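Trainee: Taken in sequence, the protein lines are chains A and B. Yeah, the first sequence ends on 525 if you go by our numbering, and it's all consecutive. Yeah, the second sequence ends on 447 if you go by our numbering, and it's all consecutive.
Worth double-checking, as some hints may not be accurate.
On the chain A side, residues computed to face chain B include the following (Cβ under 8 Å) [said to hold, decoys possible]: (1) Ala17; (2) Ala24; (3) Gly70; (4) Trp94; (5) Ala96; (6) His113; (7) Ala116; (8) Gly133; (9) Tyr135; (10) Ala138; (11) Leu141; (12) Lys142; (13) Lys145; (14) Gly147; (15) Arg301.
Only pairs whose alpha carbons sit at most 27 Å apart, straight line, appear in this in silico DSSO-like list of lysine-lysine [as the list claims (entries may be wrong)]: (16) Lys51(A) / Lys15(A); (17) Lys224(B) / Lys185(B); (18) Lys168(B) / Lys105(B); (19) Lys15(A) / Lys224(B); (20) Lys105(B) / Lys409(B); (21) Lys438(B) / Lys30(B); (22) Lys51(A) / Lys11(A); (23) Lys51(A) / Lys223(B); (24) Lys223(B) / Lys15(A); (25) Lys40(A) / Lys51(A); (26) Lys388(A) / Lys457(A); (27) Lys51(A) / Lys224(B).
Hint data in this document are derived by calculation from the structure and do not stem from the laboratory. From a predicted model like this one, the values you see are computed outputs, not experimental measurements. Where is the CB? At the ideal position from N, CA and C, for every residue including glycine.
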Amino acid sequence: MIIKALVKPAYYQDSVALMWISRRVHACAGVHKAAVMMATPQNKDIMREAGLFTEAVARAGPGDMVIVVSAETEEAAAGALREAEQWLAKPVGEEKNSTTSSQYRHLAAGIRSLPGADVAVISVPGVYAAAESLKALKNGLHVFLFSDNVSLEDEIQLKRLAHQRGLLLMGPDCGTAFIGGVPLGFANAVRRGGIGIVGASGTGMQEIMCLVDRWGGGISHAFGTGSRDLSMGVGGITTLDALEILARDEQTKVVVLVSKPPAPQVAEKILRRVGGMGKPVVLCLLGNNNTTSRRGVYMARTLEDAARLAVVLERGEAPGTDTVEGSVPTLSLDITGGYLRGLFSGGTLAEEALLILRACIGRVYSNLPEGETLADPNFSKENTIVDMGSDEFTVGRPHPMIDFSYRLERFQREVADPRVSVILMDVVLGFGSHPDPAAELVPPISEAIKEARRTNRDLNIVLNVVGTDADPQDYTAQVTRLKTAGALVAPTNAQAALMAAKLLSSGRGKLELEVNKQ
Amino acid sequence: MARIVAQLSDDIDPASLGGKIASANQEALIRITSARPVVVDMLPARKVIPGMSSNTILHAGPPIEWDRMCGPMRGAVIGALLYEGMASSPDEAEKLAVSGEIEFAPCHSRNAVGPMAGIISPSMPVWVVVNETFGNLAFSTMNEGWGRTLRFGAYDDKVIERLKWMEYRLAPAMKYLIERLQGIDLKSIIAQALQMGDECHNRDIAATNLFFKKAAPVLVDSDLDSSMVREVISFLGNHEHFFLNLAMAACKATLDAAENIPYCSVVTAIARNGVEVGIRVSGLGDRWFTEEATIPQGLYFPGYSESDANPDIGDSAITETAGIGAFVMGTAPAIVQFVGGTPEDAVRLTREMYEITVGTNDSYRLPNMSFIGAPTAIDVRKVVETGILPIINTGIAHKEPGHGLVGAGIVRVPRGAFEKALRALAEKYAPEGRVLT
Numbered sequence: 008m009i010i011k012a013l014v015k016p017a018y019y020q021d022s023v024a025l026m027w028i029s030r031r032v033h034a035c036a037g038v039h040k041a042a043v044m045m046a047t048p049q050n051k052d053i054m055r056e057a058g059l060f061t062e063a064v065a066r067a068g069p070g071d072m073v074i075v076v077s078a079e080t081e082e083a084a085a086g087a088l089r090e091a092e093q094w095l096a097k098p099v100g101e102e103k104n105s106t107t108s109s110q111y112r113h114l115a116a117g118i119r120s121l122p123g124a125d126v127a128v129i130s131v132p133g134v135y136a137a138a139e140s141l142k143a144l145k146n147g148l149h150v151f152l153f154s155d156n157v158s159l160e161d162e163i164q165l166k167r168l169a170h171q172r173g174l175l176l177m178g179p180d181c182g183t184a185f186i187g188g189v190p191l192g193f194a195n196a197v198r199r200g201g202i203g204i205v206g207a208s209g210t211g212m213q214e215i216m217c218l219v220d221r222w223g224g225g226i227s228h229a230f231g232t233g234s235r236d237l238s239m240g241v242g243g244i245t246t247l248d249a250l251e252i253l254a255r256d257e258q259t260k261v262v263v264l265v266s267k268p269p270a271p272q273v274a275e276k277i278l279r280r281v282g283g284m285g286k287p288v289v290l291c292l293l294g295n296n297n298t299t300s301r302r303g304v305y306m307a308r309t310l311e312d313a314a315r316l317a318v319v320l321e322r323g324e325a326p327g328t329d330t331v332e333g334s335v336p337t338l339s340l341d342i343t344g345g346y347l348r349g350l351f352s353g354g355t356l357a358e359e360a361l362l363i364l365r366a367c368i369g370r371v372y373s374n375l376p377e378g379e380t381l382a383d384p385n386f387s388k389e390n391t392i393v394d395m396g397s398d399e400f401t402v403g404r405p406h407p408m409i410d411f412s413y414r415l416e417r418f419q420r421e422v423a424d425p426r427v428s429v430i431l432m433d434v435v436l437g438f439g440s441h442p443d444p445a446a447e448l449v450p451p452i453s454e455a456i457k458e459a460r461r462t463n464r465d466l467n468i469v470l471n472v473v474g475t476d477a478d479p480q481d482y483t484a485q486v487t488r489l490k491t492a493g494a495l496v497a498p499t500n501a502q503a504a505l506m507a508a509k510l511l512s513s514g515r516g517k518l519e520l521e522v523n524k525q
Numbered sequence: 011m012a013r014i015v016a017q018l019s020d021d022i023d024p025a026s027l028g029g030k031i032a033s034a035n036q037e038a039l040i041r042i043t044s045a046r047p048v049v050v051d052m053l054p055a056r057k058v059i060p061g062m063s064s065n066t067i068l069h070a071g072p073p074i075e076w077d078r079m080c081g082p083m084r085g086a087v088i089g090a091l092l093y094e095g096m097a098s099s100p101d102e103a104e105k106l107a108v109s110g111e112i113e114f115a116p117c118h119s120r121n122a123v124g125p126m127a128g129i130i131s132p133s134m135p136v137w138v139v140v141n142e143t144f145g146n147l148a149f150s151t152m153n154e155g156w157g158r159t160l161r162f163g164a165y166d167d168k169v170i171e172r173l174k175w176m177e178y179r180l181a182p183a184m185k186y187l188i189e190r191l192q193g194i195d196l197k198s199i200i201a202q203a204l205q206m207g208d209e210c211h212n213r214d215i216a217a218t219n220l221f222f223k224k225a226a227p228v229l230v231d232s233d234l235d236s237s238m239v240r241e242v243i244s245f246l247g248n249h250e251h252f253f254l255n256l257a258m259a260a261c262k263a264t265l266d267a268a269e270n271i272p273y274c275s276v277v278t279a280i281a282r283n284g285v286e287v288g289i290r291v292s293g294l295g296d297r298w299f300t301e302e303a304t305i306p307q308g309l310y311f312p313g314y315s316e317s318d319a320n321p322d323i324g325d326s327a328i329t330e331t332a333g334i335g336a337f338v339m340g341t342a343p344a345i346v347q348f349v350g351g352t353p354e355d356a357v358r359l360t361r362e363m364y365e366i367t368v369g370t371n372d373s374y375r376l377p378n379m380s381f382i383g384a385p386t387a388i389d390v391r392k393v394v395e396t397g398i399l400p401i402i403n404t405g406i407a408h409k410e411p412g413h414g415l416v417g418a419g420i421v422r423v424p425r426g427a428f429e430k431a432l433r434a435l436a437e438k439y440a441p442e443g444r445v446l447t
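Take the sequences, apply the hints, and build the full model.
Mentor: So, in structure tokens, the structure goes:
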């Protein structure tokens with residue numbers, strides 16, 4: 008029989024709590040008797056009678072706590088003492104928050120409550136965003152930085168720090184990511200698979216992911232980089248790090264990089280990297296018409312093009328030279344009808360539509376850098392495409408992917424212009440977006456179509472819906488409702504733009520046949 | 011500010027600035043929770059407090075000169091000069107105070123603490139508390155009782171008479187008691203009192219009773235003059251707040267051991283002089299970071315209102331600094347009635363304090379909050395980051411000298427003091443501002 012005692016000096020505990028711990032200790036394997044008590048004279052008597060009185064107990068004072076066990080073996084006794092210490096160190100129950108949802112006032116508390124978390128999603132006003140990102144990086148977390156208005160200097164410093172620490176800083180102004188099956192920001196419910204995406208463009212990534220899903224492929228990860236990542240200043244830090252992750256990731260078979268054309272020096276770095284990936288890479292650099300002859304690198308001219316190439320490559324097939332439908336036509340069309348007005352919520356989608364339409368019909372006004380600049384983005388001129396998600400429209404207002412009111416106001420104004428014959432819009436479904444865009448769009452669209460029919464006016468409303476059937480809004484259900492309202496729904500953004508162009512050149516009748524086939 | 015917080019925030023890399031701060035703060039938490047304050051003596055201030063000359067008067071809060079002192083503190087200084095026999099009338103005392111012959115210094119600068127005006131003069135007997143773990147000493151006077159007392163700025167004959175009685179009758183009895191008991195372990199009394207509904211700042215009834223329970227048998231059984239024993243027992247028996255000054259000295263002994271840890275952002279003192287609230291931070295030595303004191307919210311005695319109240323005053327916020335007092339209000343819900351609160355409010359306030367502290371003190375547990383340890387070691391960074399200001403339970407003194415206590419309530423430590431301290435930490439430890447300048 009072994010008796011072991013441990014004295015914790017000046018360690019007052021309520022006797023009920025101690026009796027509770029005594030019972031736990033007593034239940035330990037090989038333990039005969041156990042006492043966890045304050046060493047008051049009365050308690051010492053109890054221990055003496057129990058045969059648990061040692062010299063250490065004798066020396067302990069009334070403010071000291073003693074733990075005494077008698078056990079079969081030395082190990083059993085030591086184990087029981089350790090057990091007692093553990094119970095003492097831990098409150099009986101961690102204090103529970105009585106409110107139903109947990110709100111934390113700082114990152115450290117959040118990290119404590121969610122051990123193992125490795126990504127921080129940061130969405131705070133820009134002036135605080137850099138500071139919060141720094142904190143997250145210091146805590147070893149990857150950062151999904153949704154906020155904008157972060158200075159270029161801060162972005163560079165944060166990305167350098169992230170790189171040094173082997174962490175990924177997605178953003179700033181990063182709208183979309185899909186990491187290991189978890190969608191962040193604006194993202195869609197897509198099948199998992201072997202296609203990894205890196206992109207400076209949120210809606211562009213969403214379009215590709217949804218098309219990949221629709222065409223039978225799957226996504227491994229998608230990393231947003233922030234729109235400035237491929238600029239000279241940032242030098243593609245996040246893009247290169249994300250490519251590195253995808254290069255090492257076993258699940259990823261094909262890599263897609265989607266962006267505006269990078270700064271030339273950065274482009275060179277990126278091309279060097281993607282040339283040595285050891286996996287096929289699809290490059291979709293919107294507005295870039297150069298091709299590359301590097302092996303395993305495929306140039307896509309549109310988002311749809313990129314998605315289709317990726318799916319083919321994921322299946323392990325060799326893409327033909329021109330397997331892609333809906334590629335950018337080189338021929339200019341003769342415009343016979345009225346004007347086009349494009350009202351977009353996705354910046355990249357607006358940009359792609361602009362590039363296609365410009366190739367088809369010539370001059371297009373817009374608030375995008377690629378278009379003929381509108382004097383006032385609130386007023387359209389001739390053929391116009393506006394990105395309604397850009398800052399001049401969103402300051403003090405929710406994003407048009409969430410709130411349709413401002414876009415619908417503009418829609419009414421465009422429809423009221425008798426010279427307008429085509430309205431082109433995107434509808435982005437998925438997490439973070441409006442829960443039911445059709446409910447917002449159906450009444451004004453059917454009203455406008457009805458009114459146009461009544462007055463024999465040629466008015467076409469062309470939509471592209473970005474989404475999947477697994478999205479909370481359900482792609483098929485949304486499309487059906489929008490078609491019933493009289494809208495023409497194209498399968499991709501590029502095709503929506505082409506359809507708009509053809510409508511402008513040929514009028515409605517011919518095209519409806521084509522659309523109905525799809 | 012957000013950038014400074016980020017720059018100084020915890021970092022998993024131990025060699026980085028944030029890593030050094032994190033480990034320094036853990037060190038402070040360990041020092042605070044492993045402290046073992048024990049009363050070992052009762053001696054006149056001049057014999058035991060370092061640098062206490064015959065014309066030194068210690069006061070509560072950060073440093074302040076006579077001409078800036080608030081009413082109750084001036085009243086208490088006048089009372090102390092009368093008590094010491096250095097003046098024979100309030101007028102004379104005031105002239106002496108102005109003359110520059112009196113050396114005023116914060117209690118905190120001499121390892122001491124005093125409630126409200128916090129006046130300690132050379133003849134006043136003080137508790138001598140040793141932190142047995144680290145060997146450092148702390149001092150405080152004995153509590154005079156409720157109502158018109160020196161600490162609230164009253165100085166009439168009755169006040170002085172009581173102080174004299176304390177010096178000649180109470181102090182010897184307490185000295186005898188300490189000797190017979192071979193020291194009194196304050197940590198275990200505080201721990202038990204917290205389980206009995208005290209927070210050991212505004213509510214000390216359980217702690218005082220525990221002390222009385224130790225004292226009475228010894229005093230009754232002593233060879234002390236029987237009339238003296240009767241007086242002392244009757245004084246202790248009628249005094250619900252007697253333990254407060256012992257709790258304060260225990261907390262001071264505890265926190266002094268956590269001072270001067272390089273990189274440490276833990277608050278080691280919060281104190282108020284009735285004009286300013288000041289804090290000290292471990293990694294910044296004995297510098298004070300101050301902000302204008304505010305009027306506590308609370309309940310007033312009949313005939314008094316907020317317009318009579320002096321701004322926040324006293325060293326007793328040392329209890330909150332050590333993680334008890336208002337920080338453990340959840341275990342002492344009776345106290346929130348001062349502000350019309352419910353037990354749920356008390357728990358909510360305590361829960362808030364976990365957001366601004368480094369960790370918990372497992373010696374001080376809160377039964378009705380699942381026995382969680384008290385929120386301990388206030389982190390300047392967390393205060394600034396969350397905007398949650400430390401809460402303090404406090405008495406309210408009349409703003410004019412001579413009146414005394416008019417109420418009690420709660421008050422928050424102003425944010426500015428923490429922002430100043432945080433800036434100073436950044437200047438001292440991150441002068442180059444390596445990231446995010």
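Trainee: Under the criterion that the straight-line Cα-Cα distance not exceed 27 Å, is the pair lysine 15(A), lysine 224(B) satisfied?
Mentor: Within the cut-off at roughly 22 Å; holds.
Trainee: Would the hint on tryptophan 94(A) stand, with a C-beta cut-off of 8 Å toward chain B?
Mentor: 11 Å, violated
Trainee: Report holds or violated for the interface hint on alanine 138(A), using the least CB-CB distance to chain B and a cut-off of 8 Å.
Mentor: Because about 4 Å separates alanine 138(A) from the closest Cβ in chain B, which is inside the 8 Å limit, the hint holds.
Trainee: Does lysine 30(B) sit within 27 Å of lysine 438(B), going by the straight-line distance between their CA atoms?
Mentor: Roughly 13 Å separates the two Cα atoms, so the pair holds.
Trainee: Hey, lysine 51(A) versus lysine 11(A), does the alpha-carbon distance stay inside 27 Å?
Mentor: 15 Å, holds
Trainee: Regarding the pair lysine 224(B) and lysine 185(B), is the alpha-carbon distance no greater than 27 Å?
Mentor: Answer holds: lysine 224(B) to lysine 185(B) is near 14 Å, not above 27 Å.
Trainee: Are lysine 51(A) and lysine 223(B) close enough, with their CA atoms no more than 27 Å apart?
Mentor: It holds: about 20 Å lies between the C-alpha atoms, which stays within 27 Å.
Trainee: Return the status of the interface hint for alanine 17(A): holds when the least beta-carbon distance to chain B is below 8 Å, violated otherwise.
Mentor: At 5 Å from the nearest chain B Cβ, alanine 17(A) passes the 8 Å test, so the hint holds.
Trainee: Take the C-alpha atoms of lysine 388(A) and lysine 457(A), compute the straight-line distance between them, and say whether it is at most 27 Å.
Mentor: 25 Å, holds
Trainee: So, as I understand it, the hint says glycine 147(A) touches chain B; can you test that by seeing if any CB pair is closer than 8 Å?
Mentor: 5 Å, holds
Trainee: Does lysine 145(A) hold up as a contact with chain B if the rule is Cβ-Cβ below 8 Å?
Mentor: 4 Å, holds
Trainee: Would you mind confirming whether the straight-line C-alpha gap from lysine 51(A) to lysine 15(A) stays at or under 27 Å?
Mentor: 15 Å, holds
The structure is inconsistent with the numbered hints 4, 8, 15, although it conforms to all the rest.
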